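**Student:** Spelled out from the first residue to the last, the chains are:
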Amino acid sequence: MIEAFLMKLRARDDVSAEEERALRAAIGEVREIGPDKTIIRAGDEISESTLLIEGLLCRYKDLRDGQRQIMELHVPGDFADLHSLTLKRLDHNVMTLTRCRLAMAPHEGLRKITADYPHLTRVLWFSTNLDAAIHREWMLSLGRRSALSRTAHFFCEMRIRLGLVGLADDDGYPLNLTQVDLAECLGLTSVHINRTLKELRERRLVEFRGGRVSIHDLAGLERVAEFDPAYLHLERRGR
Amino acid sequence: MPHYYFHVHNSIGFVEDEEGRDLPDRDVARQEAIKGIRSILSEDVLGGFIDLAGRIEVVEEGSGDPALTVPFDEAVDVRT
Numbered sequence: 396m397i398e399a400f401l402m403k404l405r406a407r408d409d410v411s412a413e414e415e416r417a418l419r420a421a422i423g424e425v426r427e428i429g430p431d432k433t434i435i436r437a438g439d440e441i442s443e444s445t446l447l448i449e450g451l452l453c454r455y456k457d458l459r460d461g462q463r464q465i466m467e468l469h470v471p472g473d474f475a476d477l478h479s480l481t482l483k484r485l486d487h488n489v490m491t492l493t494r495c496r497l498a499m500a501p502h503e504g505l506r507k508i509t510a511d512y513p514h515l516t517r518v519l520w521f522s523t524n525l526d527a528a529i530h531r532e533w534m535l536s537l538g539r540r541s542a543l544s545r546t547a548h549f550f551c552e553m554r555i556r557l558g559l560v561g562l563a564d565d566d567g568y569p570l571n572l573t574q575v576d577l578a579e580c581l582g583l584t585s586v587h588i589n590r591t592l593k594e595l596r597e598r599r600l601v602e603f604r605g606g607r608v609s610i611h612d613l614a615g616l617e618r619v620a621e622f623d624p625a626y627l628h629l630e631r632r633g634r
Numbered sequence: 003m004p005h006y007y008f009h010v011h012n013s014i015g016f017v018e019d020e021e022g023r024d025l026p027d028r029d030v031a032r033q034e035a036i037k038g039i040r041s042i043l044s045e046d047v048l049g050g051f052i053d054l055a056g057r058i059e060v061v062e063e064g065s066g067d068p069a070l071t072v073p074f075d076e077a078v079d080v081r082t
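Those protein sequences? They're chains A and U, same order as listed. Number 570 in the numbering used here belongs to position 175 of the first sequence; there are no gaps in the numbering. Number 66 in the numbering used here belongs to position 64 of the second sequence; there are no gaps in the numbering.
Be careful, since some hints might not be right.
Lysine-lysine pairs mimicking PhoX-like chemistry, simulated, CA-CA at most 25 Å apart [unchecked claim]:
{"hint": "1", "chain 1": "A", "residue 1": "K507", "chain 2": "A", "residue 2": "K483"}
{"hint": "2", "chain 1": "A", "residue 1": "K456", "chain 2": "A", "residue 2": "K483"}
{"hint": "3", "chain 1": "A", "residue 1": "K432", "chain 2": "A", "residue 2": "K483"}
{"hint": "4", "chain 1": "A", "residue 1": "K456", "chain 2": "A", "residue 2": "K432"}
{"hint": "5", "chain 1": "U", "residue 1": "K37", "chain 2": "A", "residue 2": "K403"}
{"hint": "6", "chain 1": "U", "residue 1": "K37", "chain 2": "A", "residue 2": "K593"}
I should point out that these hints are in silico values taken from the structure, not numbers from a laboratory. Since we're looking at a predicted model, the values are computed, not measured.
Input sequences plus hints: build the corresponding full structure.
**Tutor:** In structure tokens, the structure reads:
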């Protein structure tokens, strides 16, 4: 059940059999939730963290008029809110974008890990640092990249992150998002996204259709995106 | 809720909206078209040009004819 999570961690460091047992022991209830449900609201007191097993989740903030900005998309194997262990209340919301399977990790069990397993604690700390690195890259995209480059960058990032948990290959990956979801990730409108997707398609770089991203020219796509995966910290080493 | 498609016609050509979205009524669909046009134009301005000759045709699912047409120049107040 937490295989994707272990794959993601083991891509960056060793996780011993004993540490794996401790992680498995920290997981409690598993929940199935339908799409488009806000499962955590900013300000709510939280006593458990949410690990995504299947589906797509996002972190978002919104304005009074309903405009929403997604700050990170979560793929299977990601904790949506490991940081709620120390923050207690989130400053953002967490929403399902597709049907999701979630594993709940009560904070009590996570606190026990921090008391008993210093290396595993650092590995979990790494994963919250990684989220922050992704946020920084998205800030660069939202603030400075053109719509075309920003969209290309998003597809490059998702290829690597889904690939780490066995959900992507060189040709592409399933991505069950609507144009509106994509627009909310990229700070554009769905009409603008549609035009941008057409340009990426006509340049024979990438195609997004029917819930699948098909990559036609990875090198070209990465060039348009100015994609450098260093911010995803893919090096496997002791943390 | 009706389902609307937003097809864009401008100098780049025709961009068909294959997905569309559910919206409460035509007024909201019109507002969405205007937001979309402004978003496209703002990107064009950053690239140093502006083309107001385009239009968005909003088609309601189940009907062939556009429910409404929004010309790009109706989405902005141009002053020179």
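**Student:** Does each hint fit the structure? Answer for all of them.
**Tutor:** Evaluation of the provided hints:
no.	hint	verdict
1	A/K507 with A/K483	holds (16 Å)
2	A/K456 with A/K483	holds (17 Å)
3	A/K432 with A/K483	holds (21 Å)
4	A/K456 with A/K432	holds (14 Å)
5	U/K37 with A/K403	violated (39 Å)
6	U/K37 with A/K593	holds (19 Å)
Hint check: a violation occurs at hint 5 only; the rest are consistent with the structure.
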